[in-house]
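Trainee: Now for the letters of each chain:
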Amino acid sequence: MQFLKVLLSALALLFLGAAPSAALGEPALLTISGEIGSGNQDGKLVLDRGAFEAMPMSIVKTETPWTEGMVTFEGVPLKALLDLAAANGETIHAVALNDYAVDIPVGDSANPKVIVAYRMNGQTMRVRDKGPLWLIYPLSDEPSLRTEATHTKMIWQIKAFEIR
Amino acid sequence: MLSLPRPFQRNAWLLVAIGVFLLGTIVSAYRIYQTQAAIFWNYRTGTWLVVEAQTELQNALMAAKTFRIEPSEVARDELAVRFDVFWSRIPLILDSQEGVDIRRIDAIVPNTHKVLAELPLLDEDLERIQVGDIGSVKPFERRLASLAPLFEEMTRVVLVQDELRYRSGSLLKEMWWTVAAFLLAISAGVVLIIGNLINTRRIRNLLAQREAIERVQATQLAAIESSGEGIAMFDAEGRLGYSNEAFHQLIGDDFTRTLNLRSWRRFLTRDGARTLLRGLRQANRQMPWKGEIRGRTLAGAERDWEAHIMRRREEGFVAVIRDLTDRKAAEREHSLLQQQLHRVEKMDAVGRLAGGVAHDFNNILAAILGFGSLLELDLEDRPEQRHMAQQILNAAERGKELVQSIMTFSRTEKSERAVVEVGAICREAATMAALSIPGPAVFETEIEPRSLPVVGNATQINRAILNLCINARDALEGNRGTVRLEVARVLAEDAGMIGSAPTLPAAQQAVVSIDPISETQTRAWVGGAGKVAEFYARIRVMDDGSGISRGIMEKMFDPFFTTKDVGRGTGLGLASVLGIVKAHGGAIAVDSTIGKGSIFDILLPLQAAPTETAQAQAAAGKESATVLSDMHVLLVDDDPGAGNALGAILQKVGCEVSYVASGAEALAVVVDEPDWFDLVVTDLAMPEMSGLDLASRLREHRFARPIVLASARLQDASLEERARAGIEYTIAKPFTLSEVAAVIWSIAGARATKKIEENARAGAARAFGA
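Chains as they are written, first to last, in my numbering: chain A, 73 to 236; chain B, -4 to 765.
There could be a bad hint or two in this list.
What the hints assert, rightly or not - Once the Cα atoms are required to be at most 30 angstroms apart in a straight line, the calculated DSSO-like pairs of lysine-lysine come out as:
hint, chain 1, residue 1, chain 2, residue 2
1, A, Lys231, A, Lys185
2, B, Lys323, B, Lys550
3, B, Lys591, B, Lys577
4, B, Lys133, A, Lys231
5, A, Lys225, A, Lys185
6, A, Lys231, B, Lys60
Note that these hints are calculated values from the structure, not bench results.
All values derive from a computational prediction rather than experimental measurement.
Start from the sequences, fold in the hints, and give me the full structure.
Mentor: Written out as structure tokens, the structure is:
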């Protein structure tokens, strides 16, 4: 069953990737633009919640300066997203709902634990809870990441990536 | 107690001020540090949480306004998203780790809670918003806008803190610089104050030192000014600069002219100047030259000076001068005194020696004279042998004289004193002197007719006068000339008849002073130096003979010194005269000029009022012949020779004599038979019991008859001792028959007188009784 689910998701992704569609009626969760190889809408890759949840998911347990205690994040590895978009830039210009923006090196995606989380402690993150998407670095597992620079890169309420 | 350096003790209040100042500084520094700590404590990264929340509030408000313009669905969704974003920021302020620091700031947490409380209400308001209904957004918008002031406040406080935080580095740096500068200033101030204190002390010390130096300089100047030594400074040209008062005295300056800049040559004789130039060449800076120099007073008198010459650093020289003229005189006087002392000591030694010999010799002479006079009596019918006996007596008499002379100058003789008439003695002596001055020489006398009473011994005075007369005669050396004897009464003030001689004679201290008047004339003064009486009897013997040289005058009072040929003089003449005069509290003055003659003055203190003389006694002694008196005499003498002689004479005088050789025997005999003896004659110096002791014991045993003391040393028993022992009569050894006879006669006479008086009284009593 699980296998089937994964297989279906992969297929859907492939399908979406081949023929990305916004016709599902769901609002866009993340828009990836810029230097990307595969777009589904005017050269942009627009992903809704369904598409997101269909992608391979990683779980990262970590503490952050903005949350209390150890938190379980579930989300898509950054690499998977970039691969999906066939991004070939150096920098990800991430933009939040409030138009806050930060540049993230594409290199950071080499770490499979760097994920774009959409669930926190099993709950879908609402905008009120810093959702819908939050770029999470594994701060607890890798102390070297516990820097001001990493904190800056951990952008929440993400609405778009522009690959540059 | 805390021991502090002196300047701090003196300025305790200043120390307290410094302490308070330092304490204040430390407190200030600590407060600054605390503020700095607060700045760090307020460090926060969460400022942006508040700022962003406010921004999202504005965005939400903007979205609400957009809806009011166009109340579309899109606008409503946009508003919902904006509200959600705003909402998402609120928990971050309260929960996030980044918000830890800002939550400590007043107003953050309460304000946030207020906001949090509004969020569900806002959510409800948001639900009620209808697309197309502009009015439906207003409650939401109003409620949301009401939150703005809260955020404004929060933003303000956070930004203020943030400002501090961002500037904390520079603030801190500034603070430390301020503190450093502050401390530097304080340290500099403290150092300055301490330095000032120390400086003040140094200045005080310097002032004290300067005062001390000034005092020393003043003292030195005063010392130099009042120095007894003349001090004069001369410059390089030899001109007088400074000079002290002693120098002016030395040169006899009366301060009537200015001596400054006078050349040093002005104060020296030609000889002295040469000496000084020589001295100056020898003197260098280290070693002064010292020497004697002939100085010259302003009046031109030459003086002996001792000078120290020191070269001065700035050229010129200093001369320290002492007048030697007085010192030389003092030295002369000192050596003279020394000589006199030696002479006195020599005389004393010789005197003692001679006195001892004389005493023993007296006993021998007593035997010769005693038996000689007996022999002379026994040989009345044999003239030839009697003549020989008389020769023996004459020789013994001369021996007696000699011994007396010795005893006189050695002052072992202290014969009876009485008030005697000098005039009478001199007349007597003049008679004898006239006989001894022969041939071409003339003997003149001038004797004061008034009474000249002197306490003394007539025989001794007589002998002294004769001695001087004989010396005067000898000074004429057989040539024509005059010997003159003058006796006068003079005032004590005039008694020092010879010029500069010491004024007054006194018995207590013998002074021998020789005063050379000129090459040929010499004066001498021998005797006391103090006044003992108002008037003096001056016995002057003068001659116009050869005179006495200074050398001889210095020695002529020494015993055994003689200028006469061997056999003609004993050398005891003047020595015994001196002994006699001293014993009388008198003095001798001599003035002699070689080739012109000599004057000898004997000065004897006169009694205030003349009293009865002792001439009666002397007359009694002259009553010679053998007075028969049937008295029984107990004779006591330990010397058999003298005892036998006296015994023989007493028998010759008509006494019955019992002889014993000791006091003890005599006492025993008398106590046994007190009425046997009319008279006791005892020697003085006897072993075991002296004559005085014997007499005392006899008187204790109520022996009332006369006791006679016979001795060569009668002076050993004072008048008081004799009186105490009840001794009324004395016989001086050696004695002649006539002397013993005189004593016995006077005793017999007194006894006879007493008997007559007793008889008379008895007769009168009877007459009255009848």
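Trainee: Taking the hints in turn, state whether each one holds.
Mentor: Taking the hints in turn, this is what the structure says about them:
1. A:Lys231 / A:Lys185: holds (20 angstroms)
2. B:Lys323 / B:Lys550: holds (24 angstroms)
3. B:Lys591 / B:Lys577: holds (28 angstroms)
4. B:Lys133 / A:Lys231: Holds, at about 28 angstroms.
5. A:Lys225 / A:Lys185: holds (14 angstroms)
6. A:Lys231 / B:Lys60: holds (23 angstroms)
Violated hints are absent here; each numbered hint is respected by the structure.
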